Amino acid sequence: MDTALDLPNDYLFPLTSTDAEFYYLDKPSVYLNAFLSKPRHDKINHTTGSYKINHTTGSDKINLERTIVWNDIDWIDFALKNLDEVYDECSVENWDGYNAQPVSQDAYFEASKLLKIFPTSSISLPMPDIGPEPDGGIGLEWYKDKGFSFLVSINGKNIITYVGRFGKNKHFYGTEKYKDSVPEIILYGLKRLFSNS
Amino acid sequence: MKKKNTISSTEAITRYIFDIKHYAATKRRIKYNAFLPIRGETSIFRVNNLGEVQIWEIGDNHVAPMSSRTLVARGDLIASDIFEEGLEIKPDTRNHKLHANIVGWPLKEPEKAKFIATELADKAQLHLKP
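Here the protein sequences come in this chain order: A and B. Residues in the first sequence are numbered from 831 upward in steps of one, following the working numbering. Residues in the second sequence are numbered from 2 upward in steps of one, following the working numbering.
Bound conformation, chain A alone (with noise of 0.2 Å):
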């Protein structure tokens, strides 16, 4: 039977990833597996960050959850398979059950392509949670933490809205239209949201 690692509950450790193998090298195969395999089945790139580990004391079982900065793009692709998901249960009405709106297809491609012209080098982010809205729009949404984020909604319309939060009574908000590059104002709220992390 595997020892169950002396970790307190939702231990949080800032480590890199090769610094995290490292420490997890002469532990159970089965924490080890558990460990390499998720970041590698989700093909990430993961260089910084850390990793959250909700522990059972006594159990064959660990769970991790990410909660990495990451240093490129690549959840590039998860987010449009996210996308894909939203949009194909939120595509019809009352998907909330207080009468929403589907999600339109208008705002499924402007989101696509939106997430496809991030700029790849200028910025680094975590993937985004990605949301209907009850109006049709879909939200891109970076949460750090409470009071602390910064929303894109696109709304279908060649409209996109953004909401920055960055602690008590900092934040803006406002509308851009929806060109063929990313909004300096977007990339300027979310480099100053991940700056101090």
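These aren't lab readings, by the way, just hints derived from the structure by calculation. One or more of the hints may lead you astray.
As the list claims (entries may be wrong) - Far from chain A, by Cβ distances over 10 Å, these chain B residues were calculated:
#	residue
1	S10
2	V48
3	H63
4	L127
As the list claims (entries may be wrong) - Simulated crosslink set (BS3-like; lysine-lysine; CA at most 25 Å straight-line):
#	chain 1	residue 1	chain 2	residue 2
5	A	K1000	B	K109
6	A	K976	B	K130
7	A	K976	B	K28
8	B	K109	B	K124
9	B	K98	A	K998
10	A	K911	A	K946
11	B	K130	B	K98
12	A	K1009	B	K109
13	B	K28	A	K1021
14	A	K976	A	K943
15	A	K1021	A	K946
16	B	K113	A	K974
17	A	K976	B	K124
18	A	K1000	B	K98
19	A	K987	B	K113
20	A	K987	A	K911
21	A	K976	B	K113
22	B	K113	A	K1007
23	B	K28	A	K998
24	A	K1009	B	K113
25	A	K1021	A	K998
26	B	K130	B	K28
27	A	K1021	A	K1009
28	B	K109	A	K987
29	B	K113	A	K1021
30	A	K974	B	K98
31	A	K1007	B	K109
32	A	K1000	B	K130
33	B	K113	A	K1000
34	B	K28	A	K974
35	A	K998	B	K113
36	A	K946	A	K974
37	B	K98	A	K911
38	A	K1021	A	K943
Since the model is a prediction, treat every value here as computed from it, not as a measurement. All C-beta atoms in this analysis are idealised placements derived from N, C-alpha and C, irrespective of residue type, glycine included.
Based on the hints, put chain B in the right spot on chain A.
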């Protein structure tokens, strides 16, 4: 002249949630889209002095059948969380005596409405359906 709120600022309020895209279970947080209004209103229930069982019963037995969806979670607030954002709570007891709507959303400024929704979501406490 602004209409005075008829609901106490300390009243407990809940927003029933029927879609997993309205919360992040791992981070134990409600997402902003759970509070975005539809046709200018966000449906809520006044649950002051109700126990957990009673609150879930309202969701299961009254709200879920009307929504044609399965209840998966709820987000709890107190009324002052809503008032602080410049919104109001308007009782709407046509179908249930404890039902109300959050009203007063800045509908001509969708970006401001989304900002308010993110603030409400941060204040809300997520309860997953047992």
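Results for each hint:
Non-interface call for S10(B) relative to chain A: holds, since the shortest CB-CB distance, roughly 20 Å, exceeds 10 Å. The claim that V48(B) lies off the interface holds: its Cβ sits roughly 18 Å from the closest Cβ of chain A, which is beyond the 10 Å cut-off. No Cβ of chain A approaches the Cβ of H63(B) within 10 Å, the least distance being about 12 Å, so the stated non-interface status holds. Every CB of chain A lies more than 10 Å from the CB of L127(B), the least distance being 12 Å, so the non-interface label holds.
With a C-alpha separation of about 22 Å, the suggested pairing of K1000(A) with K109(B) holds against the 25 Å cut-off. Proposed proximity of K976(A) and K130(B) is supported: the alpha carbons are some 23 Å apart, at most 25 Å. With a C-alpha separation of about 11 Å, the suggested pair K976(A) and K28(B) falls inside the 25 Å cut-off, and the hint holds. Proximity of K109(B) to K124(B) is assessed by CA-CA distance (about 24 Å); at most 25 Å being required, the pair is judged to hold.
Between K98(B) and K998(A) the alpha-carbon distance is near 36 Å, which puts this suggested pair outside the 25 Å criterion. With a CA separation close to 12 Å, the supplied pair K911(A) and K946(A) stays within the 25 Å bound. A distance of roughly 23 Å separates the Cα atoms of K130(B) and K98(B); the hinted pair therefore holds under the 25 Å criterion. The hinted pair formed by K1009(A) and K109(B) meets the criterion: a straight-line CA distance of about 23 Å does not exceed 25 Å.
Distance restraint check for K28(B) and K1021(A): the Cα-Cα separation of roughly 22 Å lies within the 25 Å cut-off, and the hinted pair is therefore satisfied. The suggested pairing of K976(A) with K943(A) is violated, with an alpha-carbon distance near 29 Å, which exceeds 25 Å. With a CA separation close to 18 Å, the supplied pair K1021(A) and K946(A) stays within the 25 Å bound. Pair hint K113(B) plus K974(A) holds up; C-alpha atoms about 20 Å apart against a cutoff of 25 Å.
Between K976(A) and K124(B), the direct Cα distance comes to roughly 8 Å. Compliance with the 25 Å bound is thereby established for this hinted pair. As the CA atoms of K1000(A) and K98(B) are separated by approximately 39 Å, the hinted pair breaks the 25 Å bound. For the hint pairing K987(A) with K113(B), the CA-to-CA distance comes to about 18 Å; that is within 25 Å, so the pair holds. A distance of roughly 22 Å separates the Cα atoms of K987(A) and K911(A); the hinted pair therefore holds under the 25 Å criterion.
For the proposed pair K976(A) and K113(B), the alpha carbon gap of about 18 Å is at most 25 Å, so the pair holds. Distance hint between K113(B) and K1007(A) is fulfilled; the C-alpha atoms sit about 17 Å from each other, no more than 25 Å. Distance restraint check for K28(B) and K998(A): the Cα-Cα separation of roughly 20 Å lies within the 25 Å cut-off, and the hinted pair is therefore satisfied. Taken as a hint, the K1009(A) and K113(B) pair is honoured in the structure, with Cα atoms around 22 Å apart against an allowance of 25 Å.
For the suggested pair K1021(A) and K998(A), the alpha carbons sit about 18 Å apart, so the restraint of at most 25 Å is met. At roughly 16 Å between alpha-carbon atoms, K130(B) and K28(B) fall within 25 Å of each other, so this suggested pair holds. Pair hint K1021(A) plus K1009(A) holds up; C-alpha atoms about 20 Å apart against a cutoff of 25 Å. Straight-line distance between C-alpha atoms of K109(B) and K987(A) comes to about 16 Å, which keeps the hinted pair within the 25 Å bound.
Taking the CA atoms of K113(B) and K1021(A), the gap is near 21 Å; set against the 25 Å cutoff, the hint holds. For the hint pairing K974(A) with K98(B), the CA-to-CA distance comes to about 38 Å; that exceeds 25 Å, so the pair is violated. Among the hinted pairs, K1007(A) with K109(B) is consistent with the structure: their alpha-carbon atoms are about 17 Å apart, no more than 25 Å. For the proposed pair K1000(A) and K130(B), the alpha carbon gap of about 34 Å is over 25 Å, so the pair is violated.
Between the alpha carbons of K113(B) and K1000(A) the distance comes to roughly 14 Å, so the proposed pair stays at or under 25 Å and holds. Between K28(B) and K974(A) the alpha-carbon distance is near 10 Å, which keeps this suggested pair within the 25 Å criterion. Pair hint K998(A) plus K113(B) holds up; C-alpha atoms about 16 Å apart against a cutoff of 25 Å. Annotation: proposed proximity of K946(A) to K974(A) holds, straight-line Cα distance about 22 Å (limit 25 Å).
Under the criterion of a C-alpha separation no larger than 25 Å, the hint pairing K98(B) with K911(A) is inconsistent with the structure, at around 42 Å. Among the hinted pairs, K1021(A) with K943(A) is consistent with the structure: their alpha-carbon atoms are about 20 Å apart, no more than 25 Å.
Checked against the numbered hints above, the structure violates hints 9, 14, 18, 30, 32 and 37; every other hint is satisfied.
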